[in-house]
Amino acid sequence: VCVAPGILALHDVGVSGQALIKKRGRFWPKHVPGNQIDEYMKDKPLGYAATLKQCIDGKGFLVHCQKDDCYVTKILSRHGLIQTNDDTTPT
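To get my numbering, take the position in the sequence shown, counting from 1, and add 6.
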C-alpha cells in the first residue's frame with residue numbers, strides 16, 4: 007500500500023492525517039525521495055528540521071524531516087506549517 011495516496015484519500019473525506027515514513031527493505035515508499043533527503047540532511051546539525059513539498063496529481067503534501075544522531079525522521083503529512091520555507095528542498 008502506498009502511504010502518500012492513502013494520506014491524500016483521507017484528506018479527500020475531511021481527515022487530516024500523517025504517517026511516519028520508513029524504508030521497507032531497500033526501498034522508500036513511492037513519492038518519498040528518502041535517499042535524497044538523507045543526503046541533504048547528512049551534514050546538518052542535530053535537531054535540524056526541514057519540510058519538503060511534494061505533489062501527486064495536483065494535490066500537495068509535505069514530508070517533515072528532522073535530523074537525529076543516527077537517522078533522519080520523516081513524517082508525511084497533508085496538513086501544513088504555519089509558515090512555509092521554500093529553501094528546504096533537497097538538492
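Bear in mind the hints are in silico, worked out from the structure with no lab data behind them.
Check before you lean on any hint, since a few could be wrong.
Claimed, not checked - Label-pair distances were calculated between CB atoms; the ranges are: (1) Ile62 to Arg30: 16 to 24 Å; (2) Asp18 to Lys48: 30 to 38 Å; (3) Lys50 to Val19: 33 to 41 Å; (4) Gly64 to Gln24: 18 to 26 Å; (5) Gly20 to Asp49: 35 to 43 Å; (6) Gly53 to Ala15: 30 to 38 Å.
Unchecked claim - With a straight-line Cα cutoff of 20 Å, these simulated EDC-like cross-link-like pairs (lysine to aspartate or glutamate) come out: (7) Lys36 to Asp74; (8) Lys28 to Asp74; (9) Lys36 to Asp63; (10) Lys50 to Asp18; (11) Lys29 to Asp44; (12) Lys73 to Asp18; (13) Lys50 to Asp75; (14) Lys48 to Asp18; (15) Lys28 to Asp44; (16) Lys73 to Asp49; (17) Lys73 to Glu45; (18) Lys29 to Asp18; (19) Lys28 to Glu45; (20) Lys59 to Asp75; (21) Lys29 to Asp74; (22) Lys48 to Asp75.
Built from N, CA and C at the ideal position, the CB exists for glycine as well.
Checked hints:
A hinted range of 16 to 24 Å for the beta carbons of Ile62 and Arg30 is consistent with their spacing of about 19 Å. The hint said 30 to 38 Å for the Cβ distance between Asp18 and Lys48, and at roughly 35 Å that hint holds. Checked against the given bound of 33 to 41 Å, the beta carbons of Lys50 and Val19, roughly 36 Å apart, stay inside it. Taking 18 to 26 Å as the suggested C-beta distance range, the pair Gly64 and Gln24 conforms, at roughly 20 Å.
Between Gly20 and Asp49 the CB atoms are about 40 Å apart, so this pair conforms to the stated range of 35 to 43 Å. Remark: the range hint 30 to 38 Å for Gly53 to Ala15 is upheld by a beta-carbon distance near 33 Å. Annotation: proposed proximity of Lys36 to Asp74 is violated, straight-line Cα distance about 23 Å (limit 20 Å). About 14 Å separates the Cα atoms of Lys28 and Asp74, which keeps this hinted pair within 20 Å; it holds.
With a C-alpha separation of about 14 Å, the suggested pairing of Lys36 with Asp63 holds against the 20 Å cut-off. Under the criterion of a C-alpha separation no larger than 20 Å, the hint pairing Lys50 with Asp18 is inconsistent with the structure, at around 35 Å. With a CA separation close to 12 Å, the supplied pair Lys29 and Asp44 stays within the 20 Å bound. Restraint check for Lys73 and Asp18: the C-alpha separation of about 31 Å exceeds 20 Å, so the hint is violated.
Taking the CA atoms of Lys50 and Asp75, the gap is near 10 Å; set against the 20 Å cutoff, the hint holds. For the proposed pair Lys48 and Asp18, the alpha carbon gap of about 35 Å is over 20 Å, so the pair is violated. With a C-alpha separation of about 12 Å, the suggested pair Lys28 and Asp44 falls inside the 20 Å cut-off, and the hint holds. Using a Cα cut-off of 20 Å, the hinted pair Lys73 and Asp49 holds, with the two alpha carbons roughly 9 Å apart.
A C-alpha spacing of about 11 Å is found between Lys73 and Glu45, which places the hinted pair at or below 20 Å, so the restraint holds. The suggested pairing of Lys29 with Asp18 is violated, with an alpha-carbon distance near 26 Å, which exceeds 20 Å. Restraint check for Lys28 and Glu45: the C-alpha separation of about 16 Å stays at or below 20 Å, so the hint holds. Between Lys59 and Asp75, the direct Cα distance comes to roughly 24 Å. Violation of the 20 Å bound is thereby established for this hinted pair.
The hinted pair formed by Lys29 and Asp74 meets the criterion: a straight-line CA distance of about 16 Å does not exceed 20 Å. A distance of roughly 10 Å separates the Cα atoms of Lys48 and Asp75; the hinted pair therefore holds under the 20 Å criterion.
The structure does not agree with the numbered hints 7, 10, 12, 14, 18 and 20 stated previously, though it agrees with the rest.
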